[in-house]
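Engineer: Sequence:
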Amino acid sequence: MARLIVFMSDFGLRDPYVVQVKAVVRMICPGAEIVDLTHLIDSFCIECGSYVLDSSVDWFPSETVFLGVVDPGVGSERRPIIIRALSRWFVGPDNGLFTPIFLRDRSARAWVIRPWALPVKEISSTFHGRDIFGPAAALLSCGEEPGRIADEVSIDSLVRTELWWEERRGSSLCMRVIYIDKYGNIVLSRKKPLEMQLGGIINVESPGGLYRAVHVRSFSHVGEGELAIYTNSFGYIEIAVNKGDASKYLGVGVGDEVCLTPQ
Numbered sequence: 012m013a014r015l016i017v018f019m020s021d022f023g024l025r026d027p028y029v030v031q032v033k034a035v036v037r038m039i040c041p042g043a044e045i046v047d048l049t050h051l052i053d054s055f056c057i058e059c060g061s062y063v064l065d066s067s068v069d070w071f072p073s074e075t076v077f078l079g080v081v082d083p084g085v086g087s088e089r090r091p092i093i094i095r096a097l098s099r100w101f102v103g104p105d106n107g108l109f110t111p112i113f114l115r116d117r118s119a120r121a122w123v124i125r126p127w128a129l130p131v132k133e134i135s136s137t138f139h140g141r142d143i144f145g146p147a148a149a150l151l152s153c154g155e156e157p158g159r160i161a162d163e164v165s166i167d168s169l170v171r172t173e174l175w176w177e178e179r180r181g182s183s184l185c186m187r188v189i190y191i192d193k194y195g196n197i198v199l200s201r202k203k204p205l206e207m208q209l210g211g212i213i214n215v216e217s218p219g220g221l222y223r224a225v226h227v228r229s230f231s232h233v234g235e236g237e238l239a240i241y242t243n244s245f246g247y248i249e250i251a252v253n254k255g256d257a258s259k260y261l262g263v264g265v266g267d268e269v270c271l272t273p274q
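Every number in our numbering is 11 more than the matching position in the sequence shown, counting from 1.
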């Protein structure tokens, strides 16, 4: 039986890109089941894709093949890679997208794909999702060994992003915005609980100004329209407005810095 393929990209849903990738996968591995994780990652946002993968991988069975395509460097010298980590497979660009995955597994391994070894007639310069990553994921799904289509390299040679980043500045803890969900909830670059008292007041400094929030277990522990800080269901620090949009409230976007200071 073919391995499950989980497909994530920033392709969106308007254009035929997602379906073309799936068509190639099915031609190469007809029995492959493809699950869409999301195709609404913010355009070119590698950190957003990294967060979504890291927060989702544990919910899928071992041997799942994750096909991740957030690839602003397509057509450049960036390498197409396969990673074996967390008892699963990952296929996509070597641009830091898979950083939190291989950092969680000391036994992680990596390969650079040989495009000429793939069963495709032609490889475009601008659509490696269809012409390289999709075919490689299809072959892995059907049980192909990575060494048949790729050369093993050191895991330390892979490009990394600073998905997990924080900096102490006196009594303040500064982090970056790495993801904003549909509700406007803000995910920060710390994957561990805050060392601040639950129920305590925290001053939040963002590009939009200075705000007051409460450190709670969930956003429902503050009044409607009030600002809450908590550890989300994936272990990351998150800021939300109860029944509101925290990103608009604080005036932030992905990449902006937010500093927290307990009162």
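Read the hints as simulated data drawn from the structure, not as lab findings. The structure presented is a predicted model; accordingly, all values stated were derived computationally and were not measured. It is possible that some hints are incorrect.
Unchecked claim - Restraint ranges, calculated between C-beta atoms of paired labels, are given here:
(1) G210 / E88: 18 to 24 Å
(2) S136 / R179: 25 to 31 Å
(3) P130 / R180: 51 to 57 Å
(4) I212 / E178: 20 to 26 Å
(5) G211 / D116: 31 to 37 Å
(6) S136 / Y194: 35 to 41 Å
(7) G211 / A128: 54 to 60 Å
(8) S136 / G23: 30 to 36 Å
Claimed, not checked - Listed next, the in silico DSS-like pairs over lysine-lysine satisfying Cα-Cα at most 27 Å (straight line):
(9) K259 / K193
(10) K33 / K132
(11) K193 / K254
(12) K259 / K203
(13) K203 / K132
(14) K33 / K193
(15) K203 / K193
Note that beta-carbon positions come from the ideal geometry of N, C-alpha and C, so glycine has one too.
Engineer: For every hint, state whether the structure bears it out.
Structural biologist: Outcome of the hint check:
1. G210 / E88: 18 to 24 Å: Cβ of G210 to Cβ of E88: about 51 Å, so the range 18 to 24 Å is violated.
2. S136 / R179: 25 to 31 Å: violated (44 Å)
3. P130 / R180: 51 to 57 Å: Because 53 Å falls inside the window, the suggested range holds.
4. I212 / E178: 20 to 26 Å: At 22 Å between Cβs, range holds.
5. G211 / D116: 31 to 37 Å: holds (35 Å)
6. S136 / Y194: 35 to 41 Å: holds (38 Å)
7. G211 / A128: 54 to 60 Å: holds (57 Å)
8. S136 / G23: 30 to 36 Å: Roughly 20 Å apart at Cβ, these two residues miss the hinted range, so it is violated.
9. K259 / K193: The hint holds at about 12 Å.
10. K33 / K132: holds (17 Å)
11. K193 / K254: holds (12 Å)
12. K259 / K203: Status holds; Cα separation ~25 Å.
13. K203 / K132: violated (47 Å)
14. K33 / K193: holds (25 Å)
15. K203 / K193: holds (23 Å)
Violation of the numbered hints given earlier is confined to hints 1, 2, 8, 13; the remaining hints are satisfied by the structure.
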